Structures are given as structure tokens and as C-alpha cells.
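Each chain is listed here by its residues.
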Amino acid sequence: MFEMARGGDNAFGVYVHWPFCAAKCPYCDFNSHVHRGAFDEEDFVTAYETEIATLAERLPNRTVASVFFGGGTPSLMAPKSVERILAAIQRHWQMDNRVEITLEANPTSVEADRFRGYRAAGVNRVSLGVQSLDPDALAALGRLHTVGEAVAAVRLAQSIFERSSFDLIYARPHQTLEAWEYELTEALALAAGHLSLYQLTIEQGTRYFDLYEAGKLIMPDPDLSADFYELTQELTAKTGLPAYEISNHARPGQESRHNLVYWRYGEYAGIGPGAHGRLLIDGVRHATVDEKMPFPWAERVKARGHGMTLDDALNQEEQGDEYLVMGLRLAEGISPERYRALSGRTLRDEQIAELTGIGFLSQLPNGNLRVTDKGFPVLDAVVADLAA
Amino acid sequence: MTPLKNIRNFSIVAHIDHGKSTLADRLIQNTGALDTREMKEQVLDSMDIERERGITIKAQTVRLEYNAADGEHYVLNLIDTPGHVDFAYEVNRSLAACEGSLLVVDASQGVEAQTLANVYQAIEVDHEIVPVLNKIDLPAADVDRVKQQIEDVIGLDASDAVEISAKTGLGIEKVLEAIVTRLPPPEGDPDAPLKAMLVDSWYDAYLGVVVLVRVIDGKIRKGQKVRMMATKATYELDRVGVFTPKLVDLGELGPGEIGFITASIKEVADTNVGDTITDDKKPCAQALPGFRPAQPVVFCGLFPVDANDFEDLRAAMGRLRLNDASFSYEMETSAALGFGFRCGFLGLLHLEIIQERLSREFDLDLVATAPSVVYEIGMTDGTMLELHNPADMPDPVKVDHINEPWIKATILTPDDYLGAILKLCQERRGIQTDLSYVGSRALVQYDLPLNEVVFDFYDRLKSVSKGYASFDYQISDYREGDLVRMSILVNGEPVDALSILVHRSQAEYRGRAMCEKLKELIPQHLFQIPIQAAIGGKVIARETIRALRKDVTAKCYGGDATRKRKLLEAQKKGKKKMRQFGKVEIPQEAFIKALKMDG
Ligand SMILES: Nc1nc2c(ncn2[C@@H]2O[C@H](COP(=O)(O)OP(=O)(O)O)[C@@H](O)[C@H]2O)c(=O)[nH]1
Ligand SMILES: C[S@@+](CC[C@H](N)C(=O)[O-])C[C@H]1O[C@@H](n2cnc3c(N)ncnc32)[C@H](O)[C@@H]1O
Ligand code: SF4
Ligand SMILES: [Mg+2]
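Protein chains in written order, with the working numbering: chain A, 1 to 388; chain B, 1001 to 1599.
In isolation and in its complexed conformation, chain B is listed as follows:
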């Protein structure tokens, strides 16, 4: 057990690519936790996808031992938090496990949207914050300008900002000293009953479910019988220890310490982030505040391209859920797409990650339907329904009103693109709440319906700002909206997988865009195919795919039989990739692409 005054718990907040992982690596290396041979770049991002995309999905911790200039020996616990708003709750809990943060800002880029969003989260949990200016080795680094930004935009004193290059190692010692001298030690009572926070958990093939904990009061010990206060489950602890980042068994953790525990916990879903862990026999009086179960905010249908893969898909989802309790799925049948699953995600990135893992790690070809948010349907009888799938929309006469989720969006952009971005937000029913300047860049705050954001907002933002705008958001509240269900009819038949809820003011525009897209995506058939967008019985947009007029090989003799047969085989294979809808064959990609609008 380490004395409280010699412990510092901290995390690093930064915009993507500003150098968080590189700095973490340097800290690990400088304190000698790993030798050079053991250092892989970016030690903490351990999943393949995380490594590739440079994002962290699970919180990770590393315990560093540091002999400071004051002659004392310190234990520094670094928590690497998930770096994306989709995981905002997980981030909040990870941050709550620390007393301070290093705010890393790229000195050549300056403050970005994520810098703001992340630092506000740290301020929200009362962190002491040490600004760190990274990449000062770059010729474009402008330390004074960025310091000024930090003071103007965030309101932090940046005069003592630590200037470093995580890449060259310059200034790392100063960072370690700042952690010790400027961040407060944790508080806690070693003699009180055990009270620890469940920070995160994951599944490890060797260890089973590994739970990351921050001890608040008391001690957590190997062999101890503990209780999770939210789930009320009890476990006898098998192992108690820390990561350095190598796993080290300690047998015991005291107040202020961060480490891991294992027990015979079957799946990650049994452990809730933010739950309070206490002693089964001598429980603490009160659970920690702020606990809430994971809430999916975006849903989409996932269907196997090949119907025979359905069981494999079910198994794969089960495997993923083992390690990711925030992802949910339940069986769904679609007239257009057959058997599949309706899946819930914390956000769009989460959705993308799961989809990618299913296809990459499990080798499954999937069709995903358009993402939809969770609507609250106020029924005329006074009850409230949660709608995860537009296809399940109840009879409109029984619906009194519909509420939709809104977000608070932060966009930071070079001035040149401001006009286009304001127009985009306006088109998406945005309400501007703030507009200010950070140097030459505009900082815009908007309230936006999430519904408008899941629908290709990122892509459009990227394209109107040539990639220069940065964007971040937080779910804020539910608001009533004039929403209607728009159905798409192909050859007179409604295609369930293409129906969406839209704001009445957007319906015609969206309907027209979808019909035009489908006209490009559905190949010509032997007959003419009308494509219609309709609200209730009323058609609001219409396109027609003309019948095929010419498709025949002019010459075909004895030498051509083989070639023609192979062509036919390819055509038959292609048809298997289509979904039969009435008499019409719709390519699977149409279900995804129909909802994307470009240019």
C-alpha cells in the first residue's frame, strides 16, 4: 500500500493526433516500466482496430514508479480514456477515477474541437489541469499563440504550460515533475469499509473478465468477497494487482490506488461501468454517485449477405458482446433483408467499429440498414414508447407526439468555410447557440437533432470544409419534433428497410434524394420500375427506372458457348447478392447508399 501523499492519478486529454499516445509511451519509457525492447509504439492501444485508427475504446491504466526531484518515491497512475464522444460515459467515469489531467495541445495546430470537449469533461469532474504544448520540435509550432488560445478559449492559465516534444523526448522530465508538484494527491480512508469504483472491464482470453478499479476507501484484497452494488452480484476475488503495463499481482490495493481485479465473472455484461464495489460482509453506507447503465443511442439493422450465415452472425455478436456490454442486439426480420439483428450502439463510431470487427474478425459479409436514433413516441393513451426501428412505427392516429434526441455540437473551422458550415447546420435544423473566434478560426456551437447527424453529417461537414473543420458533440436532451415516417415504394411495394423518420420540413427533399439515388442503384429490369417516396398514402417524390431495351450478344457460335456460360454463371452469382423485392432485385449496397447524399 502506497501512502496517499505519494500517489498521483491522472489522465491525458487531447484532440486526436495531438500526441496523447506518444506522450504516454514516453512516460512509460522514462520511468523505466518497460525497456526499449519491450516498447512497441503506443503500448496502450491494444486492439488492432484501435491501433489502426488511433482511437481507444477501452480504458487502460498503467502504473509508473517515479523518483521525483524532492527525493520522494511516487506511484503515478495513468488512465488512458476512450477518446471519442460515443464513449462519453466511460470517459466520464475514467476521469472521475483521477484527480488531474494533462491537457495536450499540438503547438503547431492549436486548440481543436475535441480539445474543448475533452477538457470540459475534465473540468466537469473537478480536475486540476496542466497544459502541455506538444510538438514544439516542429517548425510550425507557435507556442505563444497556442498559449493565448488556451487562455482565451478555455480560460485556463497557460503561463506555466509545459513545452515538450513527445517525439524527441524533450521536456518529458518536466511533465513528470509537474504531475507530482501540480496535481493533488487522492484522498481516502484506509480504515473505512471498502468502496471502489468499477472503471471499466474487458474480456481477456487467459484471465477471463478483467475489472479495472479505483479504490476510494478501505482496501481490496485477494480472496475477499466483494459485492457490486448495482447488480448485487458477489464474487470472491482471484487476483488483485496493477499493470505497469505488464500485469503484476500485488494481492492488495489501498485507497487512492488504481489497479485490476479478477474473479469468476462470466461476461463483461455482468460488470457495469460506474458501479460501486464494496465488501460483501462490511459494505459501505452509500454507493458512489453518477452511476447509470449503458444506453444505446443509435440503432441499425445488420443482416447477413448470405442467409446461411445467420447463425454465424449470432455467434459473432455474442462473442463481441462478451467484451462490450454497451452493444446490444436482438433478432429482427425484414421483408427485404430476411433474418438479421437490430443492434444498438453508443454512437456512430461505435457502430462502425462493431461492423468492421464483425466483417474483419469473423469474416462476415453484412448489409447494414440506415442508422436511426431512438425516438420517444407519446401515444394518445398517454403511454410512451421507445422506437428503435422506423419500420415499427405505430399507427399514426394513435400517436400524439414524437420526441427526438438532440445534441450539443462544437465545430471549430477556418473562417473560409464558416458560411458553408452554418448553411449545413441550418439545413439540418440546427439552432446556433454560440459563435466566437479562436485566433483566426471560428468556434460554433449548435444544438442539432441527432437524427440529422446520423444521416451523413460527418461526410458533408468534411466535404464542405475540405477536411479542416473539427467536430464533437454531446447528447443533450429530447425535444418534440414534427416527425413523419417516410416509406419508399419500389414497384408499388413498400421496402421496410428503407423507411425512415424525417422532419416534415425535410421530407420532400430527402424523399427526392432517395428516389434519385435508388434510380442509380437499382439496375434496369425487363419492365419499368416506379420508385416512390410516400408519407402515409401521399406520394411526395417519384422516379422511374426505364425498362431495359437492349441486352443481347450479337454473335454466338460453337466457340462462344463456354464464354457465354461463364458470363451466365457470373450473372447468377450477382443475382444472389441482390435482394428480391416483389419482382424487383435490389442490390444490397442500395440499402446503405440510398441514405447517403453527396455533393
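Just chain A, same shape as in the assembly:
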């Protein structure tokens, strides 16, 4: 079902962060900025080229399995900029002949106009931030596009790119199960091979957070939220788009290879403001983070060749924890042997037995441990039990 090597160590992905948006959405805590006034995009992209060159020196002989342009809003980039960045990656590293190149796009008509340009630049997959198929909900989420524009953008993307996906946010204030069932059914009819379905999360530092704290945003309680999740699993599985990760659904074979690199705890380089990386250097895993603010980041890259403000070697416990946190989100689960190799400890048998006994954990035929569908809604608690 998955084409990639199971041991996540071999896969290598490149994440490119584009930090600008046309407006800030009230629920979003991503590293995104609305820039005003003149902006020299060509000059800014040069910093990406520089950082790629520097990283490639530290990470020789890699074969790139995927590139992901995330944001912010990468669909605000000129196709030329995407092309330059992909060219830089290609110059320094070997590209896998089946390389996946994804670009995150906002579904406004202006951006849809650039799809062909991205395709020409090498992008072969887009992920569209549709968020909702209900006009009132879109307005409440502060989105700049209409439902009509979004549906048109999805269709256009499906005709231009080999693969595409779109995102929806559900379990929103005031949303009913019935309304979500209707909306999701529509979405499943529209979807190609991949769909990301996120429950709305109140993130610190957002406008929604302040409203929520002030009691002006009523979120579904845990019971309703669990019901939303169950309904979602039911409908997607029935339609042939089962969850391969907590919030991600795909027809078998259509999974996002890039995101699998994260969840399989593989190696990825982070390029651009605020980008994170996990680099394997001489057998040691490093956690890296770039400067968050766009222009200080570019300055930093100019001065030092890279924008990293943090480069930490992770110890065994930290690696084991990260593997559990990421890997148990997947339906394919984790390999207990790899966990042992990473963390230097073994999962406790009685803990496994207990969680298996109450139906939250199961052993797969290949020896992997996975959190069951019943366990997914309480994944964080299951992981904490296993890690303790």
C-alpha cells in the first residue's frame, strides 16, 4: 500500500516555508505575515537558494523523495520563484524519479490563475485550503474566497495536477452533526484521492483564542467532538477514503508522501522563515528551527548562509518520544524495534497488554503496533501512557 521503504530513516524530504498571506485568518497560528509596501520577491527567493546550498553541504548524497511548499500562502508566489527554488534543490541533490512536489494553495480565483505556471515549474500536487463548503462558515472563518471559487479551484487543480487534495475544518462553533454530514458528503463527491479533515483547534495567540477565553466562541464539548470524529471516520471509510492518519484520508496509494516523511520520523530539511528540520548527521538526529520573521531571516541567510537559530542534537529519549508522537498518528503504526533502536528502551509489555485489552492498541501482522480507530480520538492520552 505504501511505496516507500518502511524504515523512515531513508526517506528525505524538503520543506519550503513561504511566510506571507493576503490576510491573517482568526484561527491560524502558522508563521504567516501580511506584508505591506514594496517587496522584492526575486531578492527574497535568493535567500532560499543560498540556504538550500548551505544545507546540501551538510547533507550530501541525499535523494529527494518530496518537496513541499507550505505556508503561509505559497500560492502567492510567482511561478518563477517556485521554479528557481526547485532548480536550486535539483542542483544540489539527486531527485527521486517519482518525486512528489506539493504546493499549498488558497482557492481564490487569482491564485487559480497561476496553477498552470506552477505545473510548468514542476509542481505535481496541490493542497487547497477550502476549509468549508458552507458560505456562512467560510465568512465566520474570515476566508477571502467564496464556496464557488473554492469548488472551481478544486476542479481546475484536478484537471491540471496529477494529484490534489483539499482541507476542511470541522467541529466549528454552532456546527451540528447533521450539517457536517451534509457538507462532508459534498466534499467526498468533490474529492479526488486525498482529503485533510481537521477539527478546529483553538490555538494560543490567535483571535479565536481571545474570543474563546472571553466566552464568545462556544466550542463543541468533548462528547460532541468525539461524535464528530466518529461520523467523519464512518463516512470517509464508506466512500473509500479511509484515514491513514488522524486527520488525513486517502484512497490507498494517494497518501501525501511528504507528510509520511514526518509521521514515519524520517529526515527532512526546513528551508525558509520558521521552518523546522530533522537532520541525520553522522547518525545523530538534529532538530533545527529557522528564524521566524521573514526579513530578519533573509538577513541572517545573507550573513551566514543559513537562517537557523536552533540546531539541537536530540538524545535517545527525545527521539523515542518524537517517534511515538508522530508515528502513532498513522494507521500503519510504529515498529517496536525501531522504537527500541531510537530510544534505547522497550515499551512495557504490561502497558501494551492493558491498552490492547481495552481496545485502544493492536498489533499488526507485520509486528507494528497501532492505535486503533477506537483509540484515535484519545491518541494523546494513549501516547502518554505508552511513553511513561
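No lab work stands behind these hints: they were computed from the structure. Take the hints with a grain of salt, since some may be wrong.
As the list claims (entries may be wrong) - Calculated pairs, EDC-like style, for lysine to aspartate or glutamate (alpha carbon to alpha carbon, straight line, at most 20 Å): (1) B:K1555 x A:D227; (2) B:K1564 x A:D380; (3) B:K1564 x A:E354; (4) B:K1281 x B:D1217; (5) B:K1576 x A:D380; (6) B:K1572 x A:E317; (7) B:K1575 x A:E354; (8) B:K1566 x A:D312; (9) B:K1564 x A:D29.
None of the values given here were measured: they were computed from a predicted structure.
Chain B with the ligands: place on chain A using the hints.
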């Protein structure tokens, strides 16, 4: 040696905050024992905790030199007694070392519960009492009203009460004169064999164990070989002297005098308050009456939060006991809490002080189990057991009856809260023995089971009276009670640290309250958790913690690995602070909070 007629030994009795320490400071200052530079406020409360809380744990003495109006030179010995009922026996012995007391009453507040309890103790040891009205500088001071109260409630003549302000120094001279003219001098025979009372003792880093003594007959001298009559231990005295409050070596103390001795005494536990000290070779015929060894009345388990701290805890307890023989501890193991100690205290304040000192001075994180009183278990075979820990309760079929300690409680309250207070006492199985009025305030006397008082009685009293009621108590006797052991089962397993003895009439109410509390305190798990209160095999209350239904992060990509890992680290740390009980993790605070009821 001072002639007996020129000695006055006295103490000061007062309700907390009525100005006892301030007055003591003024007396020291006015007699010139310390200059202004040396005066720290409240010289006598020397431990940090005492200073902070304004309570005295150890008796202290100070010797003042005073030239009176009659032209004579006097030695005045002030004993500052511990100010709390937990230390009632120590207070009694300190008072017994004096002939008189100053009864300090805040003229703006009037008589309070502690005023009564303390003055009764002074009357019990036949003190001459001089009423002193303090804080007359305050606009709210009402001297006439308070005098009337003293006469009505205590039955003392207050017409000659000394009116002062300890704060401004007004009237201090009159207090000194009253001490000399109105309090009697001590009696004693300088030529009789040595007879002295051990008033208190403490550990001093430089001097070792310091023993406070009151000489009754004969003389106590440096180099003398003395014998403690209760412990039969003998010591050769290294130093003999007084505190002014600076330490002064005198070499000798005569009858009527109060001072200190040191010898090579290893620990405070070797010295018993109330013991009689005499000459080893020429002992007195009879020991002083009234001696009794310290008796802990409240017990609780203390466990280290981190099991690795067990040895440190043991060492810390040993250190504290060096200076406080009334505190006892022995090892205890609990299925829920691991290794720890069962500790005995003189009362709830004593318990709090020790707990606070362990965490503050020794930097130890502790879990304390619910305080329990000492029960007497009458067995069917006629023997009697002392039960310090409800978890050790013998098989009920072998128990014939259970006796529990009772107290005599004195509560003084503004009339407005009387109804609520009577209801509280009634709920706690109280028996009203008296109800009278002190001006506009009600004075209520109740007999109450101590068991009901250790269980959040202070907190409730404070809350129903908005802090206006004052409360004091004395242990009185043991009475038979219809007591049962209530166990708490979490997920079907009994949690030993939560079992308590309750009166049958209270069991259901208490059981329900505990189950409800635990439901709030134990976090949701992946499975449903029943919480039950049971007596024997019978469940009397039940709550259920529902299984967790939703706990998952919706989005988690490459940039979230760090954040999620840190969250997991915090969760793992949090779990270390929980006690694993069967499959259930119980937060440590639950063991304390489960027994507190509010509102
Ligand atoms: N206004 C006024 N305040 C006083 C007087 N005597 C003591 N106080 C204050 O009352 C409080 C309690 O006094 P303290 O001597 O510690 O009381 P203790 O608890 O009986 O030892 C302190 O804040 C003192 O400053 C006084 O004569 N007048
Ligand atoms: C990098 S973000 C945004 C991509 C793109 N700029 C957009 O807004 O369409 C990727 C996805 O995360 C989801 N998301 C962002 N904030 C969220 C929140 N607070 N709760 C749930 N999902 C969220 C949205 O579905 C979004 O499309
Ligand atoms: S949700 Fe997307 S468009 Fe909105 S602020 Fe975040 S990154 Fe920008
Ligand atoms: Mg004081």
C-alpha cells in the same frame, strides 16, 4: 543569689494579636536589658515560623532588672509561654514556674476565646492575675466595656486594670510597678536539697541542649552533678545562667530563680518537660507533682513525593526531633503512597508546623494523609489497643467497642453567626454545655469528638463566621462511640491512605462527600472508573468518572514534532507526581483534598 522577696516570676496570657509580644518587648526595653539597636521587634519569638505566624512554640525566659518606686532592686523573670492549646501541657508547666500573670486584653476587641482558655490555665495554677488593657491608643478602645467583660465573664476584679499602649509605650512603668506590688514573691528554702523544675528545653547549635529551669528549693551550680528524677539520667552541669535575653553565665541559681543549664545532654528527647531536677548525691525527698510524658494526640502519614527522598525525609525528621521530643515518627508503608512515616503530633497546629518546617527548612515535597486521632480499641478478649492509623483497624468481629477522644471547645462569636455555629457543632456530634453572652457576643461551650475537629472544623468555622468566631479547646476524655471504618475503593481496589474511622451517623454523608471530591480530583482515564465508599462489604456511596472520549491533536506536521515532544515530556513529569493505584493514577493532592469538605 537574689533574695526571694526581690524576685517576681510572671508570664503574660493573651489572645493572639492582643499585644503580648509587643508588651514583652517594651518591658525589656524599659528595664534596659537591650539597647534600641539590639531590639529587634518581638525579641522572644526566635524561630522563623514563629516570627511569621506570631506564635511561640518553645517557652522562653528573660530576666529583667528593675529599680522600683519603693527604692528596692528587683529581678523580674518573664516566661513567654507557647501560645497554643496544642502545647497545653508545656503551657501548664511554664505557668507553674511563675506566681502570677499579666492578662493582656486588647481594649478595642475585648475578651476572646483564647483569652478565656489561657486565663483559666493561669487560674488553675493559682496565679495572681493583673488585668492589662492594651491598645488604648486606638480610637475604638472601649476601656469600660472591656473591664466589665473581664468582671462578668472571667470573674476577675478589673477596677485596678492597668491601661496601656504597648505600641506607644504609654503605661509601661505602671505595669512594672504592678508586677512588683501586686504579684507575690516566690517561696523556697535555700538550704534544702536541690529541687528544680524542667520547664522546657531546646537544641542550640552552639550550646547543645539548653534546659530552662525554675529552682524551687536549694541551689543549682556549675559543676554540680544533677539527676533527672523521671528519666534517672545524671549530668554534670557545664553552665548555669540566665537570659537577659542575652545569655549571661551566673554559675549559680537560687530558690525562686529562673534560668538555664547546659550539660552534655545529647538530645532534647532526653529531657522531659515537667521533670524534677535534683542533686545526684543529696536528692530531694519527693519529685514535683504534675509530671507526665508528652502524648501525641493527632497522627498522620507523611510520604515523600519522590520515593528517592525517603532517606532525606528520615534524616530531616531526626533533626526536627532533636529539638522537639513531642513529635514522634515511625516507618510506615502504604500500598498507595509507598514508604513513609506515621507521625504523631500534639495537635493540628503542631502538625502543620512540622510539615511546613520539613518542606521549608529541608526542601522536601511531601504528601500528608488525613489526620487521625488516637482511638482506643477494646477487643473482645478484654485487651485494649491504641489505634494510630485507620488502615491498621483490626478485624471488626474481634472489636468489642471503640473509644474516641473528646474535647471541651470554647467558641466566642458575634451573635449573627451563632445559629450557623450551633448547627456546625451539632452536625459534628457536639454536646452543648453552656451558652452565655459577653456583651453582644455569644460564648458557647461544647463537648466535641476530636475526630470531628481534625476534619476541617477550623475551616468550616472560619467560613460560617466570616472569620469572626474565635475557638479554643482542651482535650478532656475518651468516650465510647459507634465508630466504623470506611474504606474508599477506586476502580474496585481499596485505597488504604483514604480509609477513615467515622461515626456511623456520619458515614453516608462523609462517604458521599469523599466520592464527589475524588471524582473532581482524579483525572479522566481511558476507561471508566467507579469510586465507592464502603463499610465492611457494603457500598454506601458511589460515583463514576467517565472514560475520556476526546484527547487528540488535530494537526501535527514537521513543525509540530518539537512542540508535541515537549508536551509529552510535561505529561510524563505530571504522571510521576501521580500515585499508581491498580490501573488508576491518583494525583497526590487528592489524598489531602479528598478529606476536606467545603461550602
Ligand atoms: N495600636 C496598637 N497596636 C498594638 C499595640 N500593641 C500591639 N499592637 C499591634 O498589634 C499586633 C499584634 O501584636 P503582638 O504583640 O504581635 O501580639 P501577640 O500575638 O499577642 O504577641 C501588632 O501589629 C502590634 O503592632 C498597641 O498598644 N496599640
Ligand atoms: C498551513 S495551513 C494553511 C494553508 C493555506 N494558507 C490556507 O489557509 O488555505 C494548513 C491547514 O491547516 C488547517 N488549519 C489551520 N489552522 C487551523 C486550526 N486552528 N484548527 C484546525 N485546522 C487548522 C487548515 O485546514 C489549513 O488549510
Ligand atoms: S490559514 Fe492560511 S491563509 Fe489563513 S493566515 Fe493561516 S496560513 Fe494564511
Ligand atoms: Mg506574639
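Quick rundown of the hints versus the structure:
no.: 1; hint: B:K1555 x A:D227; in the structure: holds, 18 Å
no.: 2; hint: B:K1564 x A:D380; in the structure: holds, 9 Å
no.: 3; hint: B:K1564 x A:E354; in the structure: violated, 24 Å
no.: 4; hint: B:K1281 x B:D1217; in the structure: holds, 15 Å
no.: 5; hint: B:K1576 x A:D380; in the structure: holds, 17 Å
no.: 6; hint: B:K1572 x A:E317; in the structure: holds, 12 Å
no.: 7; hint: B:K1575 x A:E354; in the structure: holds, 17 Å
no.: 8; hint: B:K1566 x A:D312; in the structure: holds, 14 Å
no.: 9; hint: B:K1564 x A:D29; in the structure: holds, 15 Å
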